[in-house]
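Number of protein chains: 2
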Amino acid sequence: MIIAIDAMGGDHAPEQIVLGAVQAVAKFECSIVLVGNREEIHSVLDAAPDINKKKMLDIPDGQDVAEALAQIPEGESGWLAIKHTSQVIEMDEHPVQAMRKKKDSSLVVATKLVKDGVCEAVISAGSTGAATVLAQHYLRNIKGIDRPAIATPLPSEHGVALLLDSGAIVDSKPRDLTQMALMGSIYSQYVFNVSNPKVGLLNIGEEETKGNKKMQATYPMLKKMSTINFIGNVEGRDIPKGTADVVVCDGFVGNIVLKFAEGLANTLFGMIKSAIKETGLLAQLGALLVMPALKKLAKTVDVEEYGGAPLLGVNGCCIICHGSSNAKSICSAAGVANEFIRNNVLEHIKESLDKEEILTNDSESV
Amino acid sequence: MIIAIDAMGGDHAPEQIVLGAVQAVAKFECSIVLVGNREEIHSVLDAAPDINKKKMLDIPDGQDVAEALAQIPEGESGWLAIKHTSQVIEMDEHPVQAMRKKKDSSLVVATKLVKDGVCEAVISAGSTGAATVLAQHYLRNIKGIDRPAIATPLPSEHGVALLLDSGAIVDSKPRDLTQMALMGSIYSQYVFNVSNPKVGLLNIGEEETKGNKKMQATYPMLKKMSTINFIGNVEGRDIPKGTADVVVCDGFVGNIVLKFAEGLANTLFGMIKSAIKETGLLAQLGALLVMPALKKLAKTVDVEEYGGAPLLGVNGCCIICHGSSNAKSICSAAGVANEFIRNNVLEHIKESLDKEEILTNDSESV
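Sequence lines, in order, name chains R and U.
Here the working numbering is used: the first residue of the first sequence is 3, the next is one more, and so on.
Here the working numbering is used: the first residue of the second sequence is 3, the next is one more, and so on.
These are calculated hints, taken from the structure and not from any lab test.
Heads up, a few of these hints could be off.
Identical chains share a label here; the pair holds if one copy fits it or two copies do between them.
[Unchecked claim] In silico SDA-like cross-links for lysine to any residue, where the CA-CA straight-line distance does not exceed 25 angstroms: (1) Lys275 <-> His44; (2) Lys243 <-> Lys297; (3) Lys55 <-> Ala219; (4) Lys56 <-> Lys297; (5) Lys357 <-> Gly77; (6) Lys175 <-> Lys261; (7) Lys298 <-> Ser79; (8) Lys357 <-> Leu290; (9) Lys212 <-> Gln286; (10) Lys216 <-> Val98; (11) Lys243 <-> Asn268; (12) Lys243 <-> Glu359; (13) Lys212 <-> Gly131; (14) Lys275 <-> Glu264; (15) Lys103 <-> Lys225; (16) Lys215 <-> Gly80; (17) Lys215 <-> Val98; (18) Lys275 <-> Thr245; (19) Lys117 <-> Met227; (20) Lys357 <-> Met227; (21) Lys279 <-> Glu209; (22) Lys212 <-> Leu59; (23) Lys216 <-> Glu95; (24) Lys104 <-> Lys330.
Computed from a prediction, not measured in an experiment: that's the story for all the values here.
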């Protein structure tokens with residue numbers, strides 16, 4: 003398996019991205035093509051420890067990438083290839099304009115490697131909007147999916163709650179939400195090993211009649227679906243509680259919840275720190291003693307451990323990472339891509355789509 | 003000032019509600035009418051310490067409440083009156099049906115006391131839906147307000163972020179959101195003493211063009227308003243950060259954010275507790291030493307301290323409390339009602355409404 007990684011995307015690119023790729027080829031059975039500025043990538047690699055220089059491949063400009071990668075002996079993994087690109091899509095660029103103008107950007111070239119069948123997955127910590135637009139343009143949507151959704155794993159009391167959509171579809175229709183339910187269910191099953199995942203609709207009350215018009219229209223559709231285990235409406239408090247394994251919501255709501263969670267965690271930890279500092283030496287000693295427990299806990303709720311969020315619904319594996327990703331998150335994202343590919347998530351989504359009558363009929367009534 | 007409290011609403015009613023009222027009459031310059039089952043209220047009062055029996059007033063059935071309250075010497079506060087009612091609106095009852103059927107319910111009678119000018123505020127920890135419907139029906143909306151909104155104070159790094167609407171309007175229009183902005187701004191100014199409160203629109207990006215269609219339509223309207231200090235879009239993470247003093251959003255989104263925050267806090271504290279327990283004695287000792295600092299912090303982020311959330315937009319003071327309210331929250335809610343009345347929040351809202359051209363013209367284009 004070969005994964006393309008956008009080496010230039012993210013707040014800590016290229017350093018953390020490249021180091022994450024180095025970790026990933028050592029940890030998983032895969033090879034990676036780092037797409038980005040050759041010089042910058044090299045300067046990170048030169049300073050990095052534990053690199054197997056015999057498994058490095060610098061793809062010459064002008065040479066076909068597939069041809070170059072053919073040098074990797076069949077069945078071998080752990081290779082790190084570099085594909086030079088001259089442009090970078092910035093975080094605040096308009097996605098569609100960027101796609102048109104920056105044909106030699108790291109994200110465009112990395113995505114095209116998946117389209118051309120050279121790589122099996124693309125990972126980026128750059129602009130989420132651009133990654134989404136490019137994946138849709140080059141990989142196309144799966145037949146039967148109107149719009150792809152971002153599925154973000156959130157730590158919960160029972161492991162992981164998969165929140166989707168977390169920002170790709172801001173004016174979703176009930177039909178989009180049913181597609182999310184199906185895709186999220188498959189992903190939870192095959193990547194997080196949850197059998198018969200519980201799917202909940204994020205709403206403001208438990209009864210079928212609660213919520214806004216969109217939710218009221220979506221509920222009966224979800225209830226009719228045969229391939230998912232729909233448990234009904236869930237409320238905001240159910241997300242951390244882990245009431246559902248898959249939480250379906252509009253991208254606008256999902257994105258606000260996600261960013262609120264990040265903000266709340268940061269604020270709380272900051273407040274706890276200064277409260278302890280102000281209270282004096284005994285409290286500071288106490289904090290030291292508590293630290294090992296908190297560190298262990300932090301590991302289980304650490305978003306970095308869960309790697310990136312897949313863009314579900316495109317015809318390929320596209321993993322979107324947080325802009326603040328460090329090496330560890332990028333390595334985890336490679337692990338996610340690994341699971342995604344090895345467990346045939348795409349095929350399973352297609353199979354389920356074929357089985358769902360509510361999704362196969364083409365009426366666009368909702 | 004006389005406040006009507008629905009003694010029968012809430013998970014811990016009537017005990018905690020009645021005890022909260024007892025605290026409130028001792029703490030604030032007000033008297034309270036406890037509306038509910040006389041026997042149950044008495045049995046709580048009989049067991050409560052520190053009650054000034056000379057300032058208790060049992061309103062006989064059939065007697066006009068205003069007439070009975072006229073016995074309170076002019077200018078005196080600290081009185082506790084009991085108005086008996088025979089019915090209770092349950093949490094899961096349909097609000098409109100409950101209003102029609104249960105004319106002698108504690109919530110209906112308490113709300114009517116405000117309508118009739120006998121009391122100046124009504125407080126309930128019962129069904130939010132019923133409280134909202136009753137307030138609209140009996141108190142009517144302020145002229146110029148299409149639908150009232152619930153404004154919930156959330157602790158932030160800089161004090162309090164007022165989130166509205168947090169559940170009353172689930173399919174809000176841009177016009178509703180502009181009205182929320184105005185009302186929230188006044189409330190923040192006169193109840194939380196924030197001068198020139200920063201008003202933000204909860205969205206999924208900073209730029210004016212971001213978000214769903216509703217937000218894109220709302221942004222330019224907020225920008226045009228002369229009576230608020232609109233700082234543009236804010237994101238989920240800005241709520242705990244305190245970037246804005248007033249955070250405007252659709253009730254569907256606000257309610258999910260609010261319940262998510264509650265759930266997250268509970269889950270986190272539970273996880274921390276068990277992590278410390280599992281790690282052993284030293285960590286437990288550490289936790290003991292840290293406790294005073296955490297308790298101090300807990301006090302500043304304690305929702306109970308902020309009391310209830312006002313229903314802004316009706317012609318009267320209606321404070322909605324969390325279903326899980328205890329005596330402390332009810333007492334705080336009475337404090338909120340006090341501030342609301344003494345600072346003429348209603349008058350200030352009306353004045354601002356008159357000044358806002360965007361709200362005074364009657365076009366229903368949005």
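State whether the alpha carbon distance between Lys212 and Gly131 is at most 25 angstroms within one copy, between copies, both, or neither.
Between copies only: 11 angstroms across chains, 31 angstroms inside a chain, cut-off 25 angstroms.
Within a copy, between copies, both or neither: which one fits Lys216 and Glu95 at a CA-CA cutoff of 25 angstroms?
Only across copies: Lys216 and Glu95 sit 23 angstroms apart there, 31 angstroms inside one copy, limit 25 angstroms.
25 angstroms Cα cut-off: does Lys215 pair with Val98 within a copy, between copies, both or neither?
So Lys215 and Val98 pass the 25 angstroms test across copies only (19 angstroms; inside, 31 angstroms).
Within a copy, between copies, both or neither: where do Lys243 and Glu359 come within 25 angstroms Cα-Cα?
This pair counts as neither: shortest intra-copy Cα distance 32 angstroms, inter-copy 46 angstroms.
Using 25 angstroms as the alpha-carbon threshold, which applies to Lys279 and Glu209: within, between, both, or neither?
neither (46 angstroms within a copy, 38 angstroms between copies)
Given identical chains, is Lys357 near Gly77, meaning Cα to Cα at most 25 angstroms, within a copy, between copies, both, or neither?
Neither: 35 angstroms inside a copy, 74 angstroms across copies.
Within, between, both or neither: Lys298, Ser79 at alpha-carbon 25 angstroms:
Neither, since 32 angstroms and 54 angstroms both go past 25 angstroms.
Taking 25 angstroms as the upper bound on the Cα-Cα distance, should Lys275 and His44 be classified as within, between, both, or neither?
neither (39 angstroms within a copy, 46 angstroms between copies)
At most 25 angstroms between CA atoms: does that hold for Lys357 and Met227 within a copy, between copies, both, or neither?
For Lys357 and Met227, only the intra-copy Cα distance (9 angstroms) is at most 25 angstroms; the inter-copy one is 52 angstroms.
With identical chains, the pair Lys55 and Ala219 could be close in the same copy or across copies; at 25 angstroms between alpha carbons, which is it: within, between, both, or neither?
For Lys55 and Ala219, neither the intra-copy (57 angstroms) nor the inter-copy (56 angstroms) Cα distance is at most 25 angstroms.
From the Cα coordinates, with 25 angstroms as the cut-off, is the pair Lys243 and Asn268 best called within, between, both, or neither?
Close inside one copy (20 angstroms) and across copies (9 angstroms); limit 25 angstroms.
Under a CA distance limit of 25 angstroms, which applies to Lys216 and Val98: within one copy, between copies, both, or neither?
between (28 angstroms within a copy, 22 angstroms between copies)
Consistency with the previously given hints fails for numbers 1, 3, 4, 5, 7, 8, 9, 12, 15, 16, 19, 21, 22 and 24, ordered from lowest to highest.
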